[in-house]
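When you get a sec, could you build the whole thing from the sequences and use the hints?
Protein chains in written order, with my numbering: chain A, 337 to 651; chain B, 337 to 651.
Honestly, the hints are just simulated from the structure, not real lab data.
Hints are supplied without guarantee of correctness; some may be wrong.
The list makes no distinction among identical chains, and a pair is therefore deemed to hold if it is satisfied within one copy or across any two copies.
[Unchecked claim] With a Cα cut of at most 25 Å, we get these calculated DSS-like pairs of lysine-lysine: (1) Lys417 / Lys626; (2) Lys488 / Lys468; (3) Lys488 / Lys465; (4) Lys468 / Lys628; (5) Lys637 / Lys465; (6) Lys488 / Lys637.
2 protein chains.
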Amino acid sequence: MACVVGIDVGGQSCKLGVVDARGEILAGSVIGSTGYTEASDFIDNLGAEVERLIEKSGHKGDIRGVGVGAPNANYYTGEIKDATNLPWASNRTVRFAELLSERLSGLPVTITNDANAAAVGEMTYGVAKGMKHFIMITLGTGVGSGIVVDGKVLYGSDGFAGELGHNCVVRHNGRLCGCGKTGCLEAYCSAIGLARTAREWLDMTDEHSLLRDLDDITSKDVYDAALRGDELSKKVFEFTGRLLGEKLADFVQFSAPEAIVLFGGLARAGEFLYQPVLDAMNANLIPIWKGKVKLLFSELKESDAAILGASALAW
Amino acid sequence: MACVVGIDVGGQSCKLGVVDARGEILAGSVIGSTGYTEASDFIDNLGAEVERLIEKSGHKGDIRGVGVGAPNANYYTGEIKDATNLPWASNRTVRFAELLSERLSGLPVTITNDANAAAVGEMTYGVAKGMKHFIMITLGTGVGSGIVVDGKVLYGSDGFAGELGHNCVVRHNGRLCGCGKTGCLEAYCSAIGLARTAREWLDMTDEHSLLRDLDDITSKDVYDAALRGDELSKKVFEFTGRLLGEKLADFVQFSAPEAIVLFGGLARAGEFLYQPVLDAMNANLIPIWKGKVKLLFSELKESDAAILGASALAW
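Next up, the structure:
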């Protein structure tokens, strides 16, 4: 039975799976992705782990290829470029696909950025199954995007298309974003952005909030407080949802997708985000799209989705 | 020699041409597009004019098909839907391609919106020749867009993709746009939007300006005054260019085009728009694109471009 390997390279850990044609993960493992300063060391260890995993899965002769999702990965060139969260790929260009393929005795390796991999996973196994046009927005520590047009990931002229997290939501006096610009979607609608909004609002007002008892505040804290009825926390979600929804309308007017799929940590705050996002999106769409574009939450298990998406690349 | 007919349906007039495979317009004519309340009457007259023009061109047996660019036209369905500027297509859906094809004894008719037709013209005969990824922005009475991805016009799930003129540039207290929303790109960066900026600035300040002598102000007046060194007029172009450039950065981060092509009336204000647009675009791009995306002005004669673009659809 033909199988492929899916690899999700994250800022903290790297998840691997041997996946069959139906999307079943037959064997899986995790290794650390930090603690390496040289890409070659990481790729050596990753290669060894891939070999161990293939052995363990009992499908040694059946592996057709390897698909990798990684930050700042380029599908066209096979490179990871200036990935700030990966010390071994920061301020440099790593020929990742080529080096990993060499390490795996020539097994074909395909690479794409993590949000694109998630979009492929969603299209192959998730809520976007059968859709030809949709936009995946990943709401994690950052905001990523994978855009699907005519059933294919949109890569653009250089392989980097779909950096929607760095489109502007606050034009004047916006927050500084990790990219060096100000007012980016990512600076407000990521898990980190949402927590920052909560902290700013606590500093700016005297409003009662369960969050005041906490030393540091994470997006999970804001969610937990909202669940317990905390008004300030609910308003933080409303504000975050409105900014996201306003921007989604711009995206819809670009590529006319059938659906927007939200994925990642913040997307789990379903009830608190859904309505504000949907309302703001529809309020900012011209009549031909108002009320017509689906807003969906990914239903794939987050850890699986990344591996499945990456593996789907390899077929 | 095989030929096609290109038709550009505008708010005032409808331009036609018989075009050969090299993009030579062998015969052309113009009819009015207003004064009709029923689509069938317009299509009857248009059909008769197409027949006359084909006769005149001497290529009666050679015509392979007809391509039409029109406001709110849908490539997938062949319909014109709710085109506010065309009384015979306002608040209704006109099966334009089907009806015109019937009128022309079954000659195949393909239709797309006017900005998409301009993009096809630019890709086939203009500055975007050979480009696989670019975005055409038409700066006329409105702001239209045609997005090319992998060498094809992006139509999206419903045929309406690329309504970038209605993406938001002023989020709060923005101008009312013809679409019913506020703050749209079109409300600021169209010829009408630019003239309105000039009028607002004249009302708000006492600043000296050549424009103060005029009864009504058009974008052409602002351009003429800028040419004569009028500071306020130059600042109006800078402001308009900045808003456009900021938004272009968002578009680049969506589809990673090789170039943005500006087309239409305002694009003729080249020197006054170019630098502000380019500067604002680059200031709002993440490092991977800064300074790398071409900003081009269409070099096609405007009247020809629309016909050529529409004709290119018919091949």
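(request) Can you give me the call for Lys417 and Lys626, within, between, both or neither, at a CA distance of at most 25 Å? (result) Cα proximity of Lys417 and Lys626: across copies only (15 Å, versus 38 Å in one copy).
(message) I want to check one pair: Lys488 and Lys465. Are their C-alpha atoms no more than 25 Å apart within a copy, between two copies, both, or neither?
(response) For Lys488 and Lys465, both the intra-copy (12 Å) and inter-copy (24 Å) Cα distances are at most 25 Å.
(request) Pop the pair Lys488 and Lys468 into one bin, within, between, both or neither, using alpha-carbon distances up to 25 Å. (result) both (7 Å within a copy, 15 Å between copies)
(message) Checking an output row: Lys468 and Lys628, CA cutoff 25 Å. Within, between, both or neither?
(response) Answer is within; shortest intra-copy Cα gap is 16 Å, inter-copy 30 Å.
(request) Tell me, please, which holds for Lys637 and Lys465 at an alpha-carbon limit of 25 Å: within, between, both or neither? (result) Within one copy only: 15 Å inside, 45 Å across.
(request) At 25 Å max between alpha carbons, let me know whether Lys488 reaches Lys637 within a copy, between copies, both or neither. (result) The answer is within: 22 Å in one copy meets 25 Å, while 35 Å across copies does not.
Checked against the numbered hints listed earlier, the structure breaks none of them; every hint is satisfied.
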